[in-house]
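*Asks:* Put together the whole structure using the sequences plus the hints.
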Amino acid sequence: MLELLEGTARHNGLVTAFALVGLVMLISMKLSRHLTMGRVHGSAIAIVIGLGLAYWGGVQTGGTKGLADVSLFAGVGMMGGAMLRDFAIVATAFEVQVVEAKKAGMVGVVALLLGTLLPFIVGAGVAYAFGYRDAVSITTIGAGAVTYIVGPVTGAAIGATSDVMALSIAAGLIKAILVMVATPAAAKFLGLRTPRSAMVFGGLAGTVSGVSAGLAATDRRLVPYGALVATFHTGLGCLLGPSLLFFATRAIVG
Amino acid sequence: MIIYGTALLAICHLLGIFLGDLLGTLIGAKTNVGGVGIAMILLICARLWMHKKGWMPEQTEMGVAFWGAMYIPVVVAMAAQQNVLTALRGGPVALLAAVGSVVVCACVIALINRGEKVEGTALPPLEVPNPATVR
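Listed in order, the protein sequences are those of chains B and G.
The first sequence begins at 0 in numbering that gives the first Met the number 0 and counts up one residue at a time.
The second sequence begins at 0 in numbering that gives the first Met the number 0 and counts up one residue at a time.
In case anyone wonders, no lab produced these hints; they're calculated from the structure.
Treat the numbers as computed from the prediction; the structure is a model and nothing was measured.
Every residue gets a Cβ at the ideal spot worked out from N, C-alpha and C, and that includes glycine.
Among the clues, some could well be false.
Some residues of chain G that are not near chain B, with every Cβ distance over 12 angstroms (derived) [what the hints assert, rightly or not]:
| no. | residue |
| --- | --- |
| 1 | I2 |
| 2 | P56 |
| 3 | L95 |
Sample of chain B residues at the chain G side, in silico, Cβ under 7 angstroms [said to hold, decoys possible]:
| no. | residue |
| --- | --- |
| 4 | R9 |
| 5 | L25 |
| 6 | T91 |
| 7 | A92 |
| 8 | L116 |
| 9 | G122 |
| 10 | G130 |
| 11 | L189 |
| 12 | L203 |
| 13 | A204 |
*Replies:* Written out as structure tokens, the structure reads:
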């Protein structure tokens, strides 16, 4: 009976992954609402659970692909693989309102560029300080400090190893959680009062989940402005990471 | 039909990845260069153009919107297949990179937004939220 059920799950890998991730999301949303009073966004908790499951999978199988190495959950590898991941990320561009975006003007563009460059330099500098010397690893970790999407997208494009990719996701994730939790407390220091200031914040703080959750906990009305610029952030990072930033890094470290 | 939206997304995706590969080959990078970003720009342009032409009914939009909404779950699945075990050995790298970039960015945000006070009096924003009603 149990073996039969296991066989069903195994033969329907991708469908099993949908059910599993749905369950993880449900638990995360509940935890977000009841345990953290909505301060930590449910999606961030879900990603932490995902990383936890990957750790468990790694311990169980000794493999390199986390939960996807556990045969029962091999479908997770399909769902979170490069094809569907890029497909879903491209789809988010659909929500960008160009007219609204134009209102941000030059400051928004400057904030976006700084929001990509500064974290990248910090991340790349930390990677170098910890003994990474190849351009691919330094770029991937630097890109991870931009957002946890830009990191793996960049890493996949330039051929980084899985452990460096995981490191870059971890960096982006810690950053997102920090932005979420610290924004309400730092709102006054950051000068978060106007839509324009929210756009500056969205451009520089980057991560969409971090920005939207952080602003929601500060002032709900600021959310769309911050999220709007932040949605450009990932696209810009994905564009610059594997190209300009990679070449610049390669030119410097050789 | 809903599939039109998904097909549009698929075409933009493929074209973007193809152009990214092409760009990578042309500059001798041997990898995809900004394919996802190019695909996103293509999708934004396609959407603007089709809206103008009136070729974007709600059903078609839903074919794209579904996948946009699937982005967080897909990222969760992506997180679940990472080599976390190995990453944890380099723990302080991730922590320092994250904390460092957040601190640097927070200071720059504060710097830019402090400058707004002067500008703000000259050009007030359309909607100024009242800080007193926060939360």
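*Asks:* Closer than 7 angstroms between Cβ atoms is the bar; does A92 of chain B clear it against chain G? Give me holds or violated.
*Replies:* 4 angstroms, holds
*Asks:* Against chain G, run the beta carbon of R9 of chain B and see if the smallest gap drops under 7 angstroms.
*Replies:* 16 angstroms, violated
*Asks:* Does I2 of chain G really sit off the interface, with its C-beta more than 12 angstroms from all C-beta atoms of chain B?
*Replies:* Label holds. Min Cβ-Cβ 14 angstroms, cutoff 12 angstroms.
*Asks:* Evaluate the condition: distance from the CB of L95 of chain G to the nearest CB of chain B exceeds 12 angstroms.
*Replies:* With a cut-off of 12 angstroms, L95 of chain G comes too close to chain B, as the shortest Cβ separation is near 5 angstroms.
*Asks:* How about T91 of chain B: closest beta carbon in chain G under 7 angstroms, or not?
*Replies:* 5 angstroms, holds
*Asks:* G130 of chain B was flagged as interface toward chain G. Is the shortest Cβ-Cβ separation under 7 angstroms?
*Replies:* 9 angstroms, violated
*Asks:* Classify the hint on A204 of chain B as holds or violated, based on whether any CB of chain G lies nearer than 7 angstroms to its CB.
*Replies:* At 6 angstroms from the nearest chain G Cβ, A204 of chain B passes the 7 angstroms test, so the hint holds.
*Asks:* For the restraint on L203 of chain B, tell me whether the closest CB of chain G is nearer than 7 angstroms.
*Replies:* 5 angstroms, holds
*Asks:* Please check whether L189 of chain B passes as an interface residue: C-beta within 7 angstroms of a C-beta belonging to chain G.
*Replies:* 5 angstroms, holds
*Asks:* Is the hint on L25 of chain B kept, meaning its closest Cβ partner in chain G is under 7 angstroms away?
*Replies:* It is violated, given that the least Cβ distance between L25 of chain B and chain G is near 11 angstroms, above 7 angstroms.
*Asks:* Please check whether the beta-carbon of P56 of chain G is more than 12 angstroms away from every beta-carbon in chain B.
*Replies:* Per Cβ check, P56 of chain G is outside 12 angstroms of chain B; nearest 14 angstroms; holds.
*Asks:* Would you settle whether the hint for L116 of chain B is holds or violated, based on the nearest Cβ-Cβ distance to chain G being less than 7 angstroms?
*Replies:* L116 of chain B check fails; min Cβ-Cβ to chain G is 10 angstroms, beyond 7 angstroms.
The structure fails hints 3, 4, 5, 8, 10 (numbered hints given earlier, in ascending order).
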